[in-house]
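Since the structure of chain A is already known, use the hints to place chain B on it.
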Amino acid sequence: MKTDNLVSLDNDKIATSYTTLIKQKELQKVVLVGNPNVGKSCFFNFMSGMYVDVSNFPGTTVSITKSHSQGNDVYDTPGIYGVGSFNDEEKVARDIILSADVILNVVNALNLDRDLFLTLQLIDMGKKVSVLLNFSDELKKRKIKIDTKKLSNLLGVEVYQTAAVDKLGFDKIGEAIRSARTGKQELDLHFLLNQVIEKSVPQSDALLILEGDETIAQKNNVLCATSDERERIYINRRNRVNEIVDLVEYEDSKKGEIFNQLGRLCLNPVTGIPILLFMLVLMYFFIGDLVSQRVVNFTENKIGKNLFEYNVKSFTGNYTPVNVEVKILDNNGSVINDKTFNFPSGISANPTLQKEFFELSKQNGAQSNFNFQNPFVKLFFGEFGVVTMTVTYLLFLLLPLVIGFYFVMALLEDSGYLPRLATMLDRSFNKIGLNGKAVIPIMLGFGCITMANITTRMLGSEREKSIVTAILQFVIPCSAQLAVIAALLSGAGFAPMMLYISVILTVLIVLSTALNKMLPGESSPLLIDLPMIRFPRMSNVFKKTFFRSFGFMKEASFWFFIGALAVGIMEISGMLSVWQDVLAPFTTTWLKLPKEAANAFVMGMVRRDFGAAGLFHMDLSIMQKTVSIITITLFVPCIASFVVMLKERGWKEGMMIWFGTWIAAFLVGGIVAQIVI
Amino acid sequence: MPNSTLDKAKKGNPFIVVKLPQGNIKSQLIRLGIAEGDTLKCIQRLPGGTIVVQKNRQEIAVGFDLAKKIHVIIQ
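Residue numbers (this note's numbering), protein chains in the order written: chain A, 1 to 677; chain B, 1001 to 1075.
Bound conformation, chain A alone (with noise of 0.2 Å):
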């Protein structure tokens, strides 16, 4: 490599260093950059003290944690190819690079080619950079060699050799915050650099600006690069890179050797699709029966009806006229003793009372229902309220899902089966215009639609995010409705669940390919890095679970208590009745199914395992029950996650698509209830 056509940028701009001067007073804003998978959380982790702060960047799901070390403030960035806005986590990225003041660029070893790619990016950019080379303890049982004081000369930067698992060289990892500094650059670039550093641009918006960032151009006020540039740019610090790594890099084994066979075999169809299912089977043993069934029997009843809701509606029944039947249950769920206690001027006025009740409903089995006359008292704290039921739900109910979900999530990432499992089932949601990446925002929607509907922010076209929102919303159960629609369907014996799966999966063919036909444009091809299978890091998978589920509960909370506010108000006004009386003639006559079955489908858009709830004490035959789970799964989604779709998608898209839920689950029932009923 030609070392004359390389400039030094030390003695740069004068400008810079009176910045640096005034900045050492402050704090340093030090910035953990790096590809995906290279263990820049080890780093982080091992640098931050007992304070970590979070923050989930707005419209995104990405969140940055950040804390302080030695005097620095610490942060830690996701995985990145490079810096740019091809995705949320660039953009995050990106705007965290730009005001960053030392930047620690984590490298894995044994890929330098592409590492070397954001490395190369981040010097251009002008910012003071340190290289750690983690993954060195591989280098060795790999027979690698990597010259780390040539690549440290021809960066122009310090490198540092680490082994995050061993903490091997993290002793050094204050130096290198030290020893950042500015390194080598292209002379072509540095001259392409200099004519937008004169429009008074700083160097790193300057780099962005020539790769045809627009919103660092904007920020500036000057024109963008063309697209074309940016490629030139590329191809250039392409070269370098490998260039650079042909110098540094000595392979004692022939190239290409490492076999990643358990990778391979996720991705063959032959042993791939055995190896999902045994997956799913894991994850059913785990999120269906564990999470779903044990825990959140014991949280959502336990802690959020019996102590939670318990509470706060006893306390506020002191102060406004309420009923409250208690029911006593034995084991078996049957009723041994039922009584009624009237306070019509509180509870806490009629002591005697209020005594007799409190120890009838404090024994074991004991169910209360207060029924508070006034009905604001109901809106906040009834049955439905927005305080008592939303609280239980989102605290007892869904945030144990959500986190088992995210659990699973972080798992299957951090393991890289999660690309794989994209990468095999690519081509089958090509036909519906997806690539193999949707399957990650539908896996989500089996533990619930708000989440996944989040999640398809990920997504890389507007398209492929309407095309899975509509899926979403359409027909896939969440996880509150799949435990209704298994106990309504379990011993009704093999035929109704196969028409089941297939009405469901013929909805499902049909809306994803007239989608894909009706809605203009194209879908982003697959273009994704398989990382090496490997186990887990657990810290790694507590603490992307932890954020994630903190980011969820963060943004989706609010939104379910409006969607709660907005379904009591229907009902203290009457609109909720009103609903059930229109839609009792298309019940009975066209689903063939009793009046009430239409109360089951209002409720169903408060919470969807509502609706389906209703239908247990309901006396219908086989067919009766698989139409109604099959109306129930194409209907409406619950309030929250209609709320969230609309923020997400727009108000057009938004309500196109829940009244195509609307006609969908009735046209359907209806066909199938008119064919087998």
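Simulated from the structure, these hints should not be mistaken for lab results. Treat the numbers as computed from the prediction; the structure is a model and nothing was measured. Mixed in with the good hints, there may be bad ones.
[Stated by the list, open to error] Below, computed lysine to any residue pairings styled on SDA-like, alpha-carbon distance capped at 20 Å:
hint : chain 1 : residue 1 : chain 2 : residue 2
1    : B       : K1055     : A       : K91
2    : B       : K1055     : A       : V541
3    : B       : K1008     : A       : L527
4    : B       : K1069     : A       : I144
5    : B       : K1055     : A       : E243
6    : A       : K362      : A       : E383
7    : B       : K1055     : A       : L139
8    : A       : K647      : A       : S461
9    : B       : K1019     : A       : N239
10   : B       : K1011     : A       : N268
11   : B       : K1019     : A       : N268
12   : A       : K91       : B       : D1007
13   : B       : K1055     : A       : R142
14   : B       : K1041     : A       : E251
15   : A       : K465      : B       : I1025
16   : B       : K1055     : A       : E359
17   : B       : K1019     : A       : I235
18   : B       : K1010     : A       : Q261
19   : B       : K1055     : A       : N37
20   : B       : K1041     : A       : G263
21   : A       : K431      : B       : K1011
22   : A       : K431      : B       : G1023
23   : B       : K1011     : A       : N37
24   : A       : K305      : A       : N331
25   : A       : K595      : A       : M575
26   : A       : K302      : A       : E359
27   : B       : K1069     : A       : S461
28   : B       : K1041     : A       : L527
29   : B       : K1055     : A       : I622
30   : B       : K1010     : A       : E243
Okay, now just chain B, sitting in the frame of chain A:
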């Protein structure tokens, strides 16, 4: 085989990248290490045509429709 496209590659075939499709996707390919003139290897061809390529120690999956737009010389 001159003038072929990546979707024609079979398992085990090394190939030279001749021309990439234009636009954002080109930049993404270059970042991942697939640039014009590079020699890569097809390590798997899934039913339906999704291609998995290898560059040094890195594996990258390329969708069928994208593979059709990548011009290569299969060796």
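Given pair status - I235/A, K1019/B, alpha carbons within 20 Å: Holds, because 12 Å separates the two Cα atoms, which is no more than 20 Å.
Satisfaction of hint between L527/A and K1041/B, Cα-Cα up to 20 Å: The given pair, whose Cα atoms are some 16 Å apart, holds under the 20 Å limit.
Agreement of K1008/B and L527/A with the hint, judged by alpha carbon distance not exceeding 20 Å: Given that 20 Å is the threshold and the Cα spacing comes to 17 Å, the pair holds.
Satisfaction of hint between G1023/B and K431/A, Cα-Cα up to 20 Å: violated (23 Å)
Restraint check for K1041/B with E251/A, where alpha carbons must lie at most 20 Å apart: The hint holds at about 18 Å.
K91/A paired with D1007/B [C-alpha distance capped at 20 Å]: Roughly 32 Å between the alpha carbons, so the hint for K91/A and D1007/B is violated.
Straight-line alpha-carbon gap K647/A to S461/A, limit 20 Å: holds (17 Å)
Restraint check for K1041/B with G263/A, where alpha carbons must lie at most 20 Å apart: holds (16 Å)
Pair hint K305/A and N331/A, alpha-carbon separation not exceeding 20 Å: Holds, at roughly 18 Å.
Holds or violated: K362/A to E383/A, with C-alpha atoms at most 20 Å apart: holds (19 Å)
Straight-line alpha-carbon gap K1010/B to E243/A, limit 20 Å: violated (29 Å)
Given hint M575/A paired with K595/A - CA-CA distance at most 20 Å: The hint holds at about 18 Å.
Violated hints, listed in ascending order, are 1, 2, 4, 11, 12, 16, 21, 22, 23, 29, 30; each of the other numbered hints is respected by the structure.
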